[in-house]
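Trainee: Order-wise, the sequence lines are chains F and V.
FYI, the numbering used here numbers position 388 of the first sequence as 388, with every residue one higher than the one before it.
FYI, the numbering used here numbers position 364 of the second sequence as 364, with every residue one higher than the one before it.
One or more of the hints may lead you astray.
Within a straight-line C-alpha distance of at most 20 Å, the following computed PhoX-like cross-link-like pairs (lysine-lysine) qualify [said to hold, decoys possible]:
(1) Lys348/V x Lys324/V
(2) Lys284/V x Lys324/V
(3) Lys284/V x Lys188/F
(4) Lys182/F x Lys75/V
(5) Lys182/F x Lys97/V
(6) Lys75/V x Lys196/F
(7) Lys358/V x Lys348/V
Hint data in this document are derived by calculation from the structure and do not stem from the laboratory.
Below are the chains, spelled out letter by letter.
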Amino acid sequence: MDPPPNPNPNPTDAQPQAEAGARLAALSLRGGRDLPPDFEIHEHHLDDDDDDDEGYLTAASRGGSSTCAWKGLRDDDRDGDDVSPPSPSSSGYAGERGSSLDDDPEPEPDPEPAQDWPRDKKHLDEDDASSSWRKRKKHFFILSNSGKPIYSRYGDEHKLAGFSATLQAIISFVENSGDHIKFVRSGKHQIVFLVKGPIYLVCISCTEESYEGLRGQLELMYGQLLLILTKSVNRCFEKNPKFDMAPLLGGTDAVFLSLIHAFSWNPATFLHAYTCLPLAQSTRQAASAVLQDVADSGVLFALLMCEHKVISLVGAQKATLHPDDILLLANFILSSESFRTSESFSPICLPRYNPMAFLYAYVHFFDEHTFATLLTTRSDAFYDLKDSRARIQNVLLKSNVLPEVQRSLHESALHVEDLPIDPSSQSASQPPQSSRDMSSQSLSSEMAIGGPAGLWHFIYKSVYLDQYVSSEFPSSISNQKQQKRLYKAYQKLYASMHDKATGPHKTQFRRDEDYVLFCWITQDFELYAAFNPLADKTQAIKMCNRVCQWVRDLENEIFVYGESALSW
Amino acid sequence: MGFSAAAAGDGAQLCVFDLRRGQQEGQELDKILFFHPADCPILLQLSVIGLCEGIVTFTRIFSPEEDCEVIESEKRSQVFYQAEPDIWMVLVVEKTKDNESTWRCGALQGILKEAHSLFTMFHGPIRTLLDRQPSAELARGHLRTFLTDYLSDFHVGKKLQFPTYRDSLKERGTIQMLTVPREVALEVQSLTTVLGSCLGNVTCQSLILFEDLLVSTTLPPDDTLNLYTYAVLRLTPRALSSNASSWSYLRKGTSVNAGPTSSSSNGTTAGERPLLREKFSKGKDGFVAPDFAATEVCGAVPLTPILWFQQAEERMYLCIYQHKSLTILLLIPASSLINREEGIAHVKKQMLENASQKIVTVEQKLTRGWGGENAYHVSGYRYLLVDPDRRVSRASPPGKVTTLAKDSLLALNRLRQEVDLEKSRYRRSDPCHDKDFEVCIRTKNNTWVIAKITRGRELYMALEKGGETLLYASTAVEKFSNRYCEGAFSTD
Chain F
1 MDPPPNPNPN PTDAQPQAEA GARLAALSLR GGRDLPPDFE IHEHHLDDDD DDDEGYLTAA
61 SRGGSSTCAW KGLRDDDRDG DDVSPPSPSS SGYAGERGSS LDDDPEPEPD PEPAQDWPRD
121 KKHLDEDDAS SSWRKRKKHF FILSNSGKPI YSRYGDEHKL AGFSATLQAI ISFVENSGDH
181 IKFVRSGKHQ IVFLVKGPIY LVCISCTEES YEGLRGQLEL MYGQLLLILT KSVNRCFEKN
241 PKFDMAPLLG GTDAVFLSLI HAFSWNPATF LHAYTCLPLA QSTRQAASAV LQDVADSGVL
301 FALLMCEHKV ISLVGAQKAT LHPDDILLLA NFILSSESFR TSESFSPICL PRYNPMAFLY
361 AYVHFFDEHT FATLLTTRSD AFYDLKDSRA RIQNVLLKSN VLPEVQRSLH ESALHVEDLP
421 IDPSSQSASQ PPQSSRDMSS QSLSSEMAIG GPAGLWHFIY KSVYLDQYVS SEFPSSISNQ
481 KQQKRLYKAY QKLYASMHDK ATGPHKTQFR RDEDYVLFCW ITQDFELYAA FNPLADKTQA
541 IKMCNRVCQW VRDLENEIFV YGESALSW
Chain V
1 MGFSAAAAGD GAQLCVFDLR RGQQEGQELD KILFFHPADC PILLQLSVIG LCEGIVTFTR
61 IFSPEEDCEV IESEKRSQVF YQAEPDIWMV LVVEKTKDNE STWRCGALQG ILKEAHSLFT
121 MFHGPIRTLL DRQPSAELAR GHLRTFLTDY LSDFHVGKKL QFPTYRDSLK ERGTIQMLTV
181 PREVALEVQS LTTVLGSCLG NVTCQSLILF EDLLVSTTLP PDDTLNLYTY AVLRLTPRAL
241 SSNASSWSYL RKGTSVNAGP TSSSSNGTTA GERPLLREKF SKGKDGFVAP DFAATEVCGA
301 VPLTPILWFQ QAEERMYLCI YQHKSLTILL LIPASSLINR EEGIAHVKKQ MLENASQKIV
361 TVEQKLTRGW GGENAYHVSG YRYLLVDPDR RVSRASPPGK VTTLAKDSLL ALNRLRQEVD
421 LEKSRYRRSD PCHDKDFEVC IRTKNNTWVI AKITRGRELY MALEKGGETL LYASTAVEKF
481 SNRYCEGAFS TD
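Based on the sequences and whatever the hints tell you, model everything.
Mentor: The structure is reproduced here in structure tokens:
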């Protein structure tokens, strides 16, 4: 099924078209054949299945080497745009989630133990002929320019060879005419293409996300691939155009699934900024000081993170770490079980730092959530870094950093309900957790509509620091479906504000059935805020100003800010 | 190299193809019903249509119920419109390196829709023509002459130029109405009644235009739109005076004679070219008729055009009468005439006898109240109002829109594109209910670009010299809405 590569394409030749036609004909024939009965049975609900998240809990990979280790994550794969609960007949998966999915808006506090989850969420039994597969809301494909499948979010790559060849035919057809295909739109479906040398990436989505948003996600998918393999994988294609790259990514399914899941919950995926764990300035300084100390002794980057949040990061002189690299690195580490079980020393590439070369990452988890990553260019640095880690650990224990981190993880989030009524009356250094305590008595009336003036949520990005902070979701956006919808709305707003030809714009007000959204971009910051759709404009503007003031008052706690940040 | 080579000379390609034809290998050429430019090598034509067909088939894997709308690549946009089941029209437009070729997919699709609607009005559905003559010679002949004449309106120099971001305060596929005071409205009403009774016992339909604006219609909205579009393209006094610079969105400033479509038009039914420029001229009797010298080669007496009105489900003869700025389109049901030309002559006579005075009066009163091309200019605002249900729009005069900065227009174009997507999302989720939507953007160059949809009606705006605060923009919309839209877009 894999066509030979065409080093000297003749665009006027009708052959590519004939080839594409033949493949498409083959596809439609396959689609027409009788489906196995199990597809027919659950066909009715797959339309409601939220593919967006599906699979992130699945660490089982092609190689079957990984296991699920997502204890900290909530059971949010089940929501999405679901209208009805999935049928229990759906590959045994839905049944385990119980039957009252939509009746209970609260996420389950304690998801099923990993080993109880079915084999995986890739739905390996599916292929392009399955109606279930066709109805998935968001597909991601990576393939080679000879049409060989490298990765597919759903279905078995081997079974998708024909489909992959069709994608290749479409892309190559346009490439051969000296052009590059960007996207195809058909009703609510959008097919977005990204060509990176010999590697093609495709997203087929009906999630109503913007082209820019989906393209950005493909860029991150490619970045994740580079993080694992570096760009020098291109040389394999130069030597052998029919090179089969899939085996090189064996066992990394969970990494891609986790990244795809992040597209619907992690604003860092579109903001190109990272977020920090709120900490008292002195606590963070203690952590930064020891990281700085370590960095001075030959480490390129030293990061201390709690889940996806940065506690502190330090780079050697003149070396800067791009927020996208932090995102991809954290995703790689957090989605690979092996990093959690032992100290690891692993080659990784930071695509924004240097896509061609491997660095070596020493990773150690101090507890379930908190881990240090030390990056070096030296492949023989394991024992040195192990010693450095021990030094870091010592300081963290002595300075009581780890318990503070644990406390912050559970308590320090920003809540819109805590927005100071009059910012001037609030102490500038008041940590968020205490302000929450103060206002907790009066919350009940506000909770129904969110924060003051109908404020539901906000994200504040410091342009200068490449960092953002976002508030917790209020009870009015308590379930995952609502939260994901809000993130999609933010993504659209971001794309609209950062239009390539005319942006960035200064302000935007947007009101639809679901929200009032505000965006405000200055040289220093970007504010994205969501209000109840009936919110009053004047009041909402006041709230935005107040949020900015609030964030500025707290910046020493919520951003990595100060000597350590300035040193790189 | 590639199919781009063919387009390079013209900047665009337009093709019509039928997916039910040419299904055997080697017969792919039979799918093509029309291709512009006609001199594009066959292999390139096949290549364009091959990609289009491939994508149509491919997208149906995921959305079998929905049509492919666009293929966007770095160098061109290919916009799709399934005009009739399995009959597709595709417009391929090349991008230039600057931002000048920034357009809106919906605006380009509007061209295809308009071309097809007009074609159907004159020749009936393409499928019917194909069924009537399976060799497709008839359909191809009509499409070739009709679409070539239609495209001539988009010629600028040697290139085809389609609406860009500079046209984002225009809406193709809508009617622009003249606002008439009550007293004149009664006169118009009375004139319409007289026109309706020209045939005696069978009622004639009519459209009355003043300049390029619609004054009254007795046809249903879709039929009105088609006939109005045709009138503004070819029949109003402006359209007739070939060198007039038009301010209507329907006509471009330059008028280029399409010339004979192609010398290879053998096999077509010569003559029926309703869109051929300068085909019509006004006679001494006030009726506008096909011009002998300019058109027919066969020497036959040109016949009164007969049109098919889809919504009214009737074929009707079209008589055009013009008095100064007033154009009257009188439609006589074909079924009511036994002898075509005699019957039409009789109706014309009746019309002159009974309606002449009223026509003069109406024209005088309308002229007296007419504020000229800038009649609907609102100082400080650049706007477009659309009522999609009534297919009506009103906009700032193009001369005023051109004063907007390029960045403002680009931002507005981008906003309209977003709104188009939101609208289709709403239509899919709940086709029965209009959803309200509002966006105000303060752009980099300090312009407010605004879109507001309220109860199905749409308002787009660019305010360049406005204040900095969002409240300024809101107040501006509120004022405009209260003063010019009967409060349709007001908050309360």
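Trainee: Hint by hint, say whether it matches the structure.
Mentor: Consistency of the hints with the structure:
no., hint, result
1, Lys348/V x Lys324/V, "holds, 18 Å"
2, Lys284/V x Lys324/V, "holds, 13 Å"
3, Lys284/V x Lys188/F, "violated, 56 Å"
4, Lys182/F x Lys75/V, "holds, 10 Å"
5, Lys182/F x Lys97/V, "holds, 16 Å"
6, Lys75/V x Lys196/F, "holds, 18 Å"
7, Lys358/V x Lys348/V, "holds, 15 Å"
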